[in-house]
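Let the hints inform the model, and build the full structure from the sequences given.
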Amino acid sequence: MPVLRERLFHCEHFGLWRLRGELPFVVGAVGIPRVLVFLEGDGQLEHDGNDYAVSKGDVMLLPAEVGACLCRAHGAVSLLEISLPEGN
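The sequence shown begins at 437 in the working numbering and counts up by one.
Treat the hints as calculated values from the structure; they're not laboratory data. Incorrect hints may appear among the rest.
Stated by the list, open to error - In silico lysine to any residue, SDA-like type, Cα no more than 20 Å apart, as pairs:
| # | residue 1 | residue 2 |
| --- | --- | --- |
| 1 | K492 | A512 |
| 2 | K492 | V471 |
| 3 | K492 | Q480 |
Structure follows, in structure tokens:
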């Protein structure tokens, strides 16, 4: 299943998306900080050749200098991605 990106909320303070998928997909954005909240499933985030384990209940901050990361799910995952208004 390709990633499904659903915008849940947008205001002058932040944006909120729900992402669901199984295939590797990109999270975050170049030059914009993001917060990821993993709701279901587990897998790994790949950045700069390093893998970071993630699972249900994890919250991760992606600083602006990190930018986009590749999410490699172990089965289906569901997560929230939260950004500042500049990233909407």
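Report task. Could you tell me which of the numbered hints above are not met by this structure, giving the numbers in increasing order? Result -> none
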